[in-house]
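Kindly generate the complete structure, drawing on both the sequences and the hints.
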Amino acid sequence: MRSLTIVVLALSLISQVGSAQPDAPVPPPLRALAYATADTVGYIIGGYSSTPGAPDIGKFILALRRERGGAWRIAADMDNGNSRR
4 MRSLTIVVLA
14 LSLISQVGSA
24 QPDAPVPPPL
34 RALAYATADT
44 VGYIIGGYSS
54 TPGAPDIGKF
64 ILALRRERGG
74 AWRIAADMDN
84 GNSRR
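Sequential numbering from 4 applies to the sequence shown in this note's numbering.
One thing to keep in mind: the hints can contain errors.
[Unchecked claim] Listed next, with one range per pair, are the computed distances between beta-carbon atoms: (1) 57 - 78: 16 to 22 Å; (2) 44 - 86: 30 to 36 Å; (3) 43 - 83: 25 to 31 Å; (4) 72 - 52: 34 to 40 Å; (5) 37 - 58: 14 to 20 Å; (6) 74 - 35: 26 to 32 Å; (7) 42 - 85: 16 to 22 Å.
Calculated from the structure, these hints are not laboratory results.
Ideal placement from N, C-alpha and C gives every residue a C-beta, glycine not left out.
Now the structure itself:
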């Protein structure tokens, strides 16, 4: 259950980025598909859409880290749209 809490916190952190900076773009709705943690590292793999409930238009990976006993932080993120060029 602890891993699920980390997923919720990480996705919440991302959604707050836009609200913290008035001119920042609003992040798209994210949907976690898989996640895992081990000690001080973790990851989340998921999809994102343009609006809540819409089909995914891309995918993402978040790499998470924390100091022992500290808060989880996003160490790296990568995303890619589903459309072909």
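Hint by hint, work out which the structure violates, then give me just those numbers in ascending order.
-> The structure breaks hints 1, 6, 7; every other hint is satisfied.
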